[in-house]
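Assemble the whole structure, with the sequences as input and the hints as a guide.
Chain residues, written in single-letter form:
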Amino acid sequence: MAIKDITLGQYYPAESPVHRLDPRTKIVGTVVYMVSLFCVNSFSAFALSILLLGTVIAVSKVPLRFIAKGLKPVLILIILTMLINLFLTPGELLLSLGPLKVTEEGIYRAAFMALRLVLLIFGSSMLTLTTKPIQLTDGMEALMKPFEKIGLPAHELAMMMTIALRFIPTLMDETDKIMKAQTARGADFESGNFKEKAKALVPLLVPLFVSAFRIAGDLAMAMEARCYRGGEGRTRMNPMRYSGRDGAAALILALYLAVIIFSRTLGLF
Amino acid sequence: MESIISVKDLRFAYEDEEGELQTVLDGVSLEIEKGSFVAMVGPNGSGKSTLAKNLNALLLPQSGKVYADGMDTSDDSLLWEIRRSVGMVFQNPDNQLVSAVVEDDIAFGPENIGVPPEEIRQRVDSALEAVGMSRFAKQAPHMLSGGQKQRIAIAGVLAMQPDVMVFDEPTAMLDPRGRGEIMAIIEQLHDAGKTVILITHFMEEAARADRIIVLKDGKIAADGTPREIYSMSEQLHGMKLELPFAVELARRLRAGGLDLPADILSEEELAEALCSLK
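Top to bottom, those sequences are chains A and B. Residues 1 to 269 (the numbering used here) make up the first sequence, in order. Residues 1 to 278 (the numbering used here) make up the second sequence, in order.
Just so you know, the hints here were simulated from the structure itself, not pulled from any lab data. Just so it is clear, CB atoms sit at the ideal spot from N, CA and C, and this is done for glycine as well. Heads up, a few of these hints could be off.
To be verified - Below, computed lysine-lysine pairings styled on DSSO-like, alpha-carbon distance capped at 30 Å:
#, chain 1, residue 1, chain 2, residue 2
1, A, Lys61, B, Lys138
2, B, Lys8, B, Lys34
3, B, Lys34, B, Lys194
4, B, Lys138, A, Lys177
5, B, Lys194, B, Lys53
6, B, Lys53, B, Lys216
7, B, Lys138, A, Lys132
8, A, Lys69, B, Lys138
9, B, Lys219, B, Lys240
10, B, Lys194, B, Lys138
11, B, Lys138, A, Lys145
12, A, Lys69, A, Lys132
13, B, Lys194, B, Lys65
14, B, Lys65, B, Lys219
15, B, Lys216, B, Lys8
Stated by the list, open to error - So, partial list: chain B residues that the calculated Cβ filter (under 10 Å) puts toward chain A:
#, residue
16, Leu79
17, Val86
18, Gln91
19, Asp94
20, Asn112
21, Pro141
As the list claims (entries may be wrong) - Distance windows between CB atoms, simulated:
#, chain 1, residue 1, chain 2, residue 2, range
22, A, Arg214, B, Asp175, 16 to 26 Å
23, B, Gln139, A, Pro203, 31 to 41 Å
24, A, Phe189, B, Gly224, 48 to 58 Å
25, A, Ser243, B, Glu267, 53 to 63 Å
26, A, Arg214, B, Gln62, 17 to 27 Å
27, B, Arg177, A, Ser243, 37 to 47 Å
28, A, Val206, B, Leu258, 49 to 59 Å
29, B, Glu20, A, Asn193, 44 to 54 Å
30, A, Val210, B, Glu20, 22 to 32 Å
Encoded structure:
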């Protein structure tokens, strides 16, 4: 069945040092990298950011076209930002096309913004492309753990994500089944305008919700039967361990961040 | 023989939508011997599933007592040890798997009871091997067939090293092939020394047990070996329970005047009896 073949998230399976990094390292690294992109204010510093990400991509063995796919949904946003920056930045006039004025600063800012957005998207895609959803969940749980003291339900949130990942295909199957059953009884999901289509979804959504609740009840029972009682006293089959690789990655990242910050405050580049 | 499950005058009632109490279990008492293979059969609404859920404290007796391996299920402090020692496999294979990776799912139970990581690994591997699913360790459950999913669910319970395994209609949602796979594993587990309680409405499956308990309207209607139970064909018909094919055929042949022994259980036995006629 086609609906079953969907891949979850956008993980790209490969054997690489980037794939083998601890998920915590990758999550923190991605956040640091994204923040660094907002500190960057010169082309030479951008060159450094590009160099770092380029190296990570090369090492990860993920083909560039996979990463570029992430750009598609935000392409319009990028173009729009570029245009707005290009025409609406005050400064030294270079060119004027009727009411539209292109300034030198405008060109700079448009290029900066575009680069920044592309790097942001590439950077975050690298996280999801090289980390399995389940590892991401584990990593987030571990990172959120310290905040449990102030009442953040870290384990529960991670368990919810795990279950959501597990049940997306099951619910897709369920949707497929209900849709077929309704179609067999004359329901029409294809034709009509937007309003009619939305209306046609009601007989699909109601049974879907009912069955989601039933599944939740069954699952809760099965989890309790297997001694589930929250995160306390729980062990893990594969506890996360930092390795030398993670140390090296952290060091590179720290150096990178230091250079970016220094260059900004001292205006080195 | 020492008994591992002991139910004493268990009563249980649900409140229905109108707020009226519906009695599901009406004074059930039974002992289950360690290492035995017991099948519980009965028509819909006979209370067999409710009884099963009382065995590992998923439901608690409203009156009466249930002891699992000597532990009183209504004692809160023993809850987790009871659930570890009495594992349960449910009907719908999809709705009892927690993780999107097979081996992580099997590790779920041992993780919950705080088994050290290295030991979890060993338990997961041996549980996978016991159900013949080792090569699916890294796969996603939704890519597997119903029978395979149910085998993963069994492995998940097995990894907690329970003494008793309760199967609540484990084959009801499977195709004949999956059904065969699961029954073969259940027999293996019994051979390996586990106490097996199989709730089913397939009489063919119940025939493989050493003992059949028939429930009707929340009471034990009959309790005996498969041969004893199947000889009460009139009563079973009254409860809408169908005899296994071979047993039913032998009964009709006998009624038609053929001289066949009354205790035929399987098709092989029937064939043999037919061949030795005349």
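Results for each hint:
1. A:Lys61 <-> B:Lys138: The given pair, whose Cα atoms are some 22 Å apart, holds under the 30 Å limit.
2. B:Lys8 <-> B:Lys34: Between lysine 8 of chain B and lysine 34 of chain B the Cα gap is close to 17 Å, so the pair holds against 30 Å.
3. B:Lys34 <-> B:Lys194: Answer holds: lysine 34 of chain B to lysine 194 of chain B is near 8 Å, not above 30 Å.
4. B:Lys138 <-> A:Lys177: holds (27 Å)
5. B:Lys194 <-> B:Lys53: Answer holds: lysine 194 of chain B to lysine 53 of chain B is near 18 Å, not above 30 Å.
6. B:Lys53 <-> B:Lys216: holds (17 Å)
7. B:Lys138 <-> A:Lys132: Holds: lysine 138 of chain B and lysine 132 of chain A sit about 12 Å apart, inside 30 Å.
8. A:Lys69 <-> B:Lys138: holds (27 Å)
9. B:Lys219 <-> B:Lys240: Since the Cα atoms of lysine 219 of chain B and lysine 240 of chain B sit roughly 16 Å apart, the hinted pair holds (cutoff 30 Å).
10. B:Lys194 <-> B:Lys138: holds (27 Å)
11. B:Lys138 <-> A:Lys145: holds (27 Å)
12. A:Lys69 <-> A:Lys132: Distance of about 18 Å is within 30 Å: holds.
13. B:Lys194 <-> B:Lys65: At roughly 23 Å apart (the allowed maximum being 30 Å), lysine 65 of chain B and lysine 194 of chain B satisfy the hint.
14. B:Lys65 <-> B:Lys219: OK: lysine 65 of chain B and lysine 219 of chain B at ~15 Å, within 30 Å.
15. B:Lys216 <-> B:Lys8: holds (17 Å)
16. Leu79: Interface hint status for leucine 79 of chain B: holds (9 Å vs cutoff 10 Å).
17. Val86: At 9 Å from the nearest chain A Cβ, valine 86 of chain B passes the 10 Å test, so the hint holds.
18. Gln91: holds (8 Å)
19. Asp94: Holds: closest Cβ of chain A sits about 5 Å from aspartate 94 of chain B, inside 10 Å.
20. Asn112: holds (4 Å)
21. Pro141: Where the cut-off is 10 Å and the nearest Cβ of chain A is about 7 Å from proline 141 of chain B, the hint holds.
22. A:Arg214 <-> B:Asp175: 16 to 26 Å: holds (22 Å)
23. B:Gln139 <-> A:Pro203: 31 to 41 Å: The hinted range 31 to 41 Å holds for glutamine 139 of chain B and proline 203 of chain A, with Cβ atoms some 34 Å apart.
24. A:Phe189 <-> B:Gly224: 48 to 58 Å: holds (55 Å)
25. A:Ser243 <-> B:Glu267: 53 to 63 Å: Once the Cβ atoms are compared, 59 Å apart, the range 53 to 63 Å for glutamate 267 of chain B and serine 243 of chain A holds.
26. A:Arg214 <-> B:Gln62: 17 to 27 Å: holds (25 Å)
27. B:Arg177 <-> A:Ser243: 37 to 47 Å: holds (44 Å)
28. A:Val206 <-> B:Leu258: 49 to 59 Å: holds (56 Å)
29. B:Glu20 <-> A:Asn193: 44 to 54 Å: About 49 Å separates the Cβ atoms of glutamate 20 of chain B and asparagine 193 of chain A, which means 44 to 54 Å holds.
30. A:Val210 <-> B:Glu20: 22 to 32 Å: holds (24 Å)
Violated hints are absent here; each numbered hint is respected by the structure.
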